[in-house]
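Protein chains in written order, with the numbering used here: chain A, 1 to 123; chain B, 124 to 614; chain C, 615 to 1279.
As a list, the in silico DSBU-like pairs of lysine-lysine whose alpha-carbon atoms are at most 35 Å apart:
#  : chain 1 : residue 1 : chain 2 : residue 2
1  : B       : Lys491    : C       : Lys1251
2  : C       : Lys982    : C       : Lys781
3  : C       : Lys781    : B       : Lys558
4  : B       : Lys492    : C       : Lys1251
5  : B       : Lys558    : C       : Lys788
6  : B       : Lys491    : B       : Lys558
7  : C       : Lys788    : C       : Lys1201
8  : C       : Lys1210   : C       : Lys788
9  : C       : Lys1201   : C       : Lys1005
10 : C       : Lys982    : C       : Lys1178
11 : C       : Lys1201   : C       : Lys1084
12 : C       : Lys1084   : C       : Lys1178
13 : C       : Lys922    : C       : Lys1084
14 : B       : Lys558    : C       : Lys1251
15 : C       : Lys1004   : C       : Lys922
Hint data in this document are derived by calculation from the structure and do not stem from the laboratory.
None of the values given here were measured: they were computed from a predicted structure.
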Amino acid sequence: MLAEYGPFFIQLGLAIVLAFAFLKGAALLGPSRPNRIKQMPYESGMDPIGTARTRYSVKFYLVAMIFIVFDVEVVFLYPWAASFERFLDAGVGLEVLGVVTIFVIILAVGLVYDIKKGGLEFD
Amino acid sequence: MDLTQSFSSLGADIIVSAPLVLTMVMGLVIVVLDAFRRNHVATPWIAALTLAFGLVMEITRIGAASGTAYYDLLRVGGMAAYVNALIFGSGLLTVILARPYLESIGHHIGEVYALILFASTGMIVLGTANSLITIFVGFETMSICLYILTGLVRTNQGATESALKYFLLGAFATGFLLYGIALMYGATGTMYLHEMQSAVGDHQTMFRSGVGLLLVGFLFKVSAVPFHMWTPDVYQGAPTPLVGYMSTASKSAAFASLILVLYLALPSTQWIGVVAVIALLTMVIGNVIALAQTNVKRMLAYSSIAHAGYILVGLAAGSPEGYSGALFYLLVYTVMNIGAFGVIALLEWDGTQGSEQSLDSLSGIGYKKPLLAWSMVFFMFGLAGFPPLGGFIGKVAVFGPAIHSGLTWLAIVGVLTSAVSAYYYLRVLVVFFMKESNPDVATDNITFSVPGMSAAVIVLCVIMLIVLGIVPTFLDVTASFFDGNMLATLP
Amino acid sequence: MNASTLIPVILLLPLAGALFCGLVGLFVPALRQREGLIGVVGTAMVIVPFLAVLYLFLNFDGGAIVVEFYTWMAAGDLSVAFAYRVDQLSLVMTLVVTGVGGLIHLYSIGYMHGDPGYWRFFAYLNLFIFAMLNLVLGDNLVVLFLGWEGVGLCSYLLIGFWYTDLKNSAAANKAFIMNRVGDFCFLLAMFLLFRELGSLDFDVLLVQGPSLDEGVLYLTVFLLFMGATGKSAQIPLFTWLPDAMAGPTPVSALIHAATMVTSGLYLLARFSPLVLAAEGIMAFIAIIGALTAIMAATIAITQNDIKKVLAYSTVSQLGFMFLATGVGAFFVAIFHVVMHAFFKGCLFLGSGSVIHAMHDVEHQLSQKLEPEGHTGKFDPQDMRTMGGLKKFMPSTRITFLIATLAIAGIPLLSGFFSKDEILFRAFESASTNDYGMLVWIVGMVTAFLTAVYMIRAYVLTFEGEPRWPKADTIQPHESPWTMTLPLWVLAILSIVGGYIGLPGVFAHGDWNLIHHYLGESFGGPLAEVHGEAHVALSTEWILLALGAAIAIAGVALGWYWYSKHGPAFDDRLRSRFGRLYRAAEGKYFVDEAYEKVIVKPLIVGAEKGLAPFDTYVVDGLVNAVAFITRGLSFVLKYIQTGVVQIYAMAIVIGVILVLAMMMFG
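Model the full assembly from the supplied sequences, consistent with the hints where possible.
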């Protein structure tokens, strides 16, 4: 059975070897002239000043999570919308619309709750 | 692909799964209600009524033939109804116990009830799942709700620590579960449990490692050794009545699902060994470490680990007799554990959900609170497995089949560890009744109030425990789920 | 209404009563003093079942009815159900239990008045009725055994009812422990029957039992009989019953005279087909019964405590019943059980009424004597300090006299018919076996002795002049109606009860109703000896006359002796019979012998041999295991560090374990 996966293992091995080869090759072949600026960590073009352990509001996470929830909603809805025509042809368009409506309502309940509890308010 | 008939059975499916649908809808209703009317007084009652409705519905359907709903994704009737009834019953008792408790610790918030309903939804989906997808969905729905319930008391460090640990390890275990599902699907090309055995073909190794990883996920949920380490920390930090809920309902759901997976997916000879070894470890480690505990909740946590071991013995038997014994044990265990945690919840005085009060601080409480203490007598004797209480019959029901399947050594270890367990269970009673009250901790000045509803729940648990012990017809009920071929009802 | 609805009522009401009295007393101290409430509830919970049984009895059509509630336990081949059997035998026993039981409950309302343990008493008494009903109604040996142990427990609780007196507790322990010996034999018999026949249901046992291998059958019947000797106080396990008189008198009447002690007879009667098939054991039973009867009767003559006399009388009468069983006359044994329940119940309740009055005397006496500076020791149960009570307690006296004459076997009273039938059957059986004549002779002698000691008790108590101190000023009183009513009912039953079993001289035995009801040849459950050589009618008449003559002679002589000489006549007997009398007075030193032969060696053996073994080997092992386990526990505890990475590590190890076992296991 393992034989079936032969190409896969070859691929895996090749990937590992190549990764190391490129890293090592760059270090060996490239010239190395370090200075202070070059050794600073890259931080979106900004100077990394102060401690890395700063705290910032948990609201960022809340917003991020809510964003993901609705992002995923879109991911689900897109293929549904794309194939809706076929459901219509099959004569089950109304039912499919109903099902998706339930899905959206459940998410909407979450949104309503979030808004009422002040989840989107920054203070 | 013909889609014309795809909704033809939707109406019927919603009717047969009405308790499930209703639980979810009422959960949403509570969320909306809570958004507009914070901590409305009706919230617990809505939850209680919903769960009670579900309980009654499912009890009436225990006798019905089992079937499936939603394209065979879920099972209904028969064993599924029994498992659901367990979950609803456990939830209902918990809601009644939790309301005054949460008020007393100042965390009576409406979301709790929504979360209990959502967790119940997840458990039902898990416990009645017939497909790997539903297993996963149920598993996660349940787990996430439980993580939040654990960390309910945000202001308490211990509680948040518990919740975080539970979440991290839970996520870790879910990874294995998901990986197992992927492997199983990869090996068989189907998500349906009942189709797997015939679809495995040549991919035995892959399939078996998939089942193994799936097993890991479940064993984590039921806190079997060595996947148990989160349990004491979580039980110690979480609000006590909710611990009762977590330790019973989630176990019922996970074990029910595990039984189905093992029963349907693999011939028993291939997994008996591993389940037996895990059961052995779980019984020994759970019972032995429980001896050294000074905190009642931690002690009960190890006790619940040990009980998972007993149930696993029933599973390891690999026979319908063993499965039905395990299902029966779950019922007994639910009654005993909810009662025991209920009593401990009512005897709390340290303001940290009992995570810091030692057993000795309750010395001599038996004379101050006779009802609670005497109920505790029943629960402790039940957990230790003394006849004629339900715990004894439960142990007979799981150890007997193991002996029939040739696992006599496992049953012997089970009986020996049960004997060990008597030590720490009876110590609770010794402290309650035979020690003078402790002057260092001034429990004398604390009035433990016992709300009538909570007392009623506890007394009900005691009665159930006795009834289960002397009316063993319940065992026939669980045995009837495995009469004939369970697969026959499926397409 | 049919049996399946009535049986739960009959069984559960006494249980409900017990729970009510017990729980109310335990948790609501304020209600403990409400004697009216507790007494009435307790009594009603027995009277109502009695009416239900009566209804069943009147509507019984002859076929046994089995009412099964649910399977209690099923393990392997063993299946035990809570099943109850209504047939002629259980109906008769149930009628006695609930009927006499109801009367005694009623009596207790007055007798126990003012006792701080009033609620406890009724709780135990109701529980006893429940257990006894299980015993006589159960349809398999397990339910029967449940009742058997239940009545033993209640007996223990009630003998030691006044537990603050250590003497009473010791008596309770003695009763309980002696019964254990019998129960052990009974259990062995159960195991044996189950091993051989694979069932414990009466239907199976009674049909297949008689055809067992002879050896097994003999052993089984022997063990059953040994079980019966414990509960029914026969040689060698009889010594607990006289001591059991330490309990309140209604208890003595109900448990230690009318019902519980007859359960051994019930057991043998229930298994009559098996007993009948084991002929050798039957001889053994008959001889043990006869020996017990005469031995207890001789002791009874020498006793001065009124309750002790009645206790030995009970042992003696139980011996009679076993004698009847031993000659194969099971229905006669049951007949005598019922009659005995009437007259001995009446006698005990009468003695209770007397003791009640004498307590009053004691009370007055201590008040009078106190100013004079000394309180005389006064035993309210000692007949030597009674006498002349007839003018103070007319109802008690008349009923006691009736019951005395009944037990003595004076013609036309109940005891005459039942006892005479036993002796007749023994005589009749002599033509087919070797022991019939022997036990008949012993029985006749015992019958004479019975008449003497019973009339002695009556005369010493009620006739003559009062013998207690200051009898001229201190007067006892008759008991209240709740106590005398049961006395009258039982006295009347002692007169008329015997007519349900008229002897064979009338209409060739066609008027023997109880025989027709219980006997196998008439469709009843009790097996009978077949092919008996028939005794001529004239012989029967002679035997009847002989029995009557012996009873009348005993009564007349006893009356003459004791009314003339009073208690002093005992001294004459002592000098006349010397050693024999002293042996009887000392209860043949059975207790002392047991002490020397069994108890002492056991204690010494335990101290010298078992105690060190227990301390060093058994305890040592247990302690070692506990020590190791606890040590392990404290070590393992440290794995639980609280560090989440280690938890995850454990999971990974677990995953490897599971996967390895799944792949290679």
